[in-house]
Amino acid sequence: EAQVTQNPRYLITVTGKKLTVTCSQNMNHEYMSWYRQDPGLGLRQIYYSMNVEVTDKGDVPEGYKVSRKEKRNFPLILESPSPNQTSLYFCASSPGLAGGSGANVLTFGAGSRLTVL
Amino acid sequence: AQSVTQPDIHITVSEGASLELRCNYSYGATPYLFWYVQSPGQGLQLLLKYFSGDTLVQGIKGFEAEFKRSQSSFNLRKPSVHWSDAAEYFCAVVPYTGGFKTIFGAGTRLFVKA
Chain A
111 EAQVTQNPRY LITVTGKKLT VTCSQNMNHE YMSWYRQDPG LGLRQIYYSM
161 NVEVTDKGDV PEGYKVSRKE KRNFPLILES PSPNQTSLYF CASSPGLAGG
211 SGANVLTFGA GSRLTVL
Chain B
241 AQSVTQPDIH ITVSEGASLE LRCNYSYGAT PYLFWYVQSP GQGLQLLLKY
291 FSGDTLVQGI KGFEAEFKRS QSSFNLRKPS VHWSDAAEYF CAVVPYTGGF
341 KTIFGAGTRL FVKA
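So the sequences go chain by chain: A and B.
Counting in our numbering, the first sequence tops out at residue 227, every number present.
Counting in our numbering, the second sequence tops out at residue 354, every number present.
Heads up, a few of these hints could be off.
[Said to hold, decoys possible] Calculated cross-link-like contacts (lysine to any residue; reagent style SDA-like; alpha-carbon spacing at most 25 Å): (1) A/K128 - A/E111; (2) B/K353 - A/R154; (3) A/K167 - A/K181; (4) B/K301 - B/Y267; (5) B/K341 - A/L227; (6) A/K167 - B/S266; (7) B/K341 - B/P247; (8) B/K341 - A/E163; (9) A/K181 - B/Q285; (10) B/K341 - A/A220; (11) B/K341 - A/V124; (12) B/K341 - A/G150; (13) B/K341 - A/N117; (14) A/K181 - B/K341; (15) B/K301 - A/I122; (16) A/K167 - B/Q285; (17) B/K353 - A/K179; (18) B/K301 - A/Q113; (19) A/K167 - B/Y267; (20) B/K289 - A/T196; (21) A/K175 - B/K289; (22) B/K341 - A/S134; (23) B/K341 - B/T252; (24) A/K167 - B/D248; (25) B/K341 - A/A112; (26) B/K341 - A/M160; (27) A/K167 - B/P335; (28) B/K301 - A/A213; (29) B/K289 - A/L121; (30) B/K289 - A/G206; (31) A/K175 - A/I187; (32) B/K301 - A/E111; (33) A/K175 - B/I343; (34) A/K127 - A/Y174; (35) B/K341 - A/A213; (36) A/K179 - B/I249; (37) B/K341 - B/I249; (38) B/K341 - A/K127; (39) B/K301 - A/K167; (40) B/K308 - A/N136.
In short, the hints are calculated from the structure, not lab data.
In this text the structure is predicted, and so the values were computed from the model without any measurement.
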């Protein structure tokens, strides 16, 4: 089944304790992106990647890091989490340039709910 | 400023009634337009998309949307709502041809009354 898998789905942590949220897709998509969802704000892009070793900042990158060493994986790293990073996080992917009319259609993971105390 | 606006934070309709969710965007050229749906506890799923051509597009689950260039709108409609349609709906835009960044509206939560 074509899917984007995120882990963990739920996490409670404390301020300053580094954590990684993993994201993996099995569709050979070029484009991957991380969003955070907060009430009343919709989804805001944190980082995105056009392909392996190509990443760039989205609209709210502060406090986050990403890497894209393999095409299928795009982990989100919080080096020193703070309470304002408490949110629902989504990883998404799309075919990218090779996708024709579906190039921009995003497939989402189920989400990771993070609480930072 | 460039943006995607969904004016209604939440809407309540009776089961069997018609539905229209509004979306306006403020980008110069005609962007790529999308509606996604988020059921409780799940990720977002594509309902439909508009790239070019016929301005009335059909999607899954009986939804349709109409692109109106003069109004910079892409409203989502369904003639008869089912209880299972209760969810949050997001309008989204890729602002320019060849781009990949997707901008999302704040979402409209749909409640369905029995």
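Holds or violated: B/K353 with A/K179, Cα cutoff 25 Å? violated, 48 Å
Run the distance test for A/K127 versus A/Y174: straight-line Cα separation, threshold 25 Å. The hint holds at about 13 Å.
Given pair status - A/E111, B/K301, alpha carbons within 25 Å: Since the Cα atoms of B/K301 and A/E111 sit roughly 21 Å apart, the hinted pair holds (cutoff 25 Å).
Check whether the Cα positions of A/K167 and B/P335 lie no farther apart than 25 Å. holds, 17 Å
Sort out whether A/A112 lies within 25 Å of B/K341, counting only the CA atoms. holds, 22 Å
Does B/K341 pair with A/V124 here, judged by a C-alpha cut-off of 25 Å? violated, 32 Å
Within 25 Å, alpha carbon to alpha carbon, are A/K181 and B/Q285? Given pair A/K181, B/Q285 holds - Cα atoms ~22 Å apart, limit 25 Å.
Holds or violated: are the alpha carbons of B/K353 and A/R154 at most 25 Å from each other? Between B/K353 and A/R154 the Cα gap is close to 31 Å, so the pair fails against 25 Å, i.e. violated.
Are the Cα atoms of A/K128 and A/E111 separated by 25 Å or less? violated, 32 Å
Holds or violated: A/K181 to B/K341, with C-alpha atoms at most 25 Å apart: holds, 18 Å
25 Å limit on alpha-carbon distance, applied to hinted pair B/K301 and A/K167: With Cα atoms ~35 Å apart, B/K301 and A/K167 exceed 25 Å; violated.
Is the straight-line distance between the alpha-carbon of B/K341 and that of A/E163 25 Å or less? At roughly 18 Å apart (the allowed maximum being 25 Å), A/E163 and B/K341 satisfy the hint.
Checked against the numbered hints given earlier, this structure breaks hints 1, 2, 4, 5, 11, 15, 17, 20, 21, 23, 24, 29, 36, 38, 39, 40; the rest are met.
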